[in-house]
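Q: Sequence:
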Amino acid sequence: MCQKIQVLKQTKNGCLLKLKGFDSYQLTFTNFVYDFTVEELDQFCCFLKNLDLAYWEKRMCGCSMKRKIPIPTAQSNLILVLDLPELEELKSLVAFGGKSADFKLLKTKDINYNTFFN
1 MCQKIQVLKQ TKNGCLLKLK GFDSYQLTFT NFVYDFTVEE LDQFCCFLKN LDLAYWEKRM
61 CGCSMKRKIP IPTAQSNLIL VLDLPELEEL KSLVAFGGKS ADFKLLKTKD INYNTFFN
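Each residue of the sequence shown is one higher than the one before, starting from 1 at the first, in this note's numbering.
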């Protein structure tokens with residue numbers, strides 16, 4: 001692994017990296033990659049922490065979509081939509097507290113990959 005990249009946290013669907021020397025972070029979650037400065041990551045954490053889940057559950061109660069919690073992006077025509085377990089996983093990724101001790105190894109069952117035993 002590159003010396004300038006530090007894995008801070010990893011889950012089944014994502015990973016939070018610190019890019020040393022650039023004072024920035026990279027968050028990979030499902031099939032999206034986000035590049036954050038320290039301030040942007042703090043703002044994103046604050047946004048997720050203050051997200052009103054009760055409001056979105058009530059507002060989207062008649063909707064047949066599985067994912068009902070919107071996460072806006074800087075691009076006005078792109079909104080990420082998550083379900084509650086995905087949101088909790090995303091929150092756990094970004095709420096790292098700056099400690100690499102929070103890093104947790106994945107178990108084999110957590111990896112969504114077809115394994116072939118020959």
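Check each hint, because a few of them may be wrong.
[Claimed, not checked] Here are the simulated DSS-like cross-link-like pairs (lysine-lysine), alpha carbons at most 27 Å apart as the crow flies:
(1) K58 x K20
(2) K49 x K66
(3) K66 x K12
(4) K91 x K68
(5) K58 x K4
(6) K66 x K20
[What the hints assert, rightly or not] Listed next, with one range per pair, are the computed distances between beta-carbon atoms:
(7) G21 x Q75: 39 to 49 Å
(8) S92 x K20: 36 to 46 Å
(9) F32 x A95: 30 to 40 Å
(10) K58 x Q26: 16 to 26 Å
(11) M65 x I5: 32 to 42 Å
(12) K12 x I79: 17 to 27 Å
(13) K20 x Q43: 38 to 48 Å
Calculated from the structure, these hints are not laboratory results.
Just so you know, even glycine gets a beta-carbon here, dropped at the ideal spot from N, CA and C.
Q: Hint by hint, say whether it matches the structure.
A: Verification of the hints:
| no. | hint | result |
| --- | --- | --- |
| 1 | K58 x K20 | violated (42 Å) |
| 2 | K49 x K66 | holds (21 Å) |
| 3 | K66 x K12 | holds (19 Å) |
| 4 | K91 x K68 | holds (16 Å) |
| 5 | K58 x K4 | violated (44 Å) |
| 6 | K66 x K20 | violated (37 Å) |
| 7 | G21 x Q75: 39 to 49 Å | violated (28 Å) |
| 8 | S92 x K20: 36 to 46 Å | violated (23 Å) |
| 9 | F32 x A95: 30 to 40 Å | violated (18 Å) |
| 10 | K58 x Q26: 16 to 26 Å | violated (34 Å) |
| 11 | M65 x I5: 32 to 42 Å | holds (35 Å) |
| 12 | K12 x I79: 17 to 27 Å | holds (23 Å) |
| 13 | K20 x Q43: 38 to 48 Å | violated (21 Å) |
In summary, the structure is inconsistent with hints 1, 5, 6, 7, 8, 9, 10, 13 from the numbered list given earlier, while agreeing with the others.
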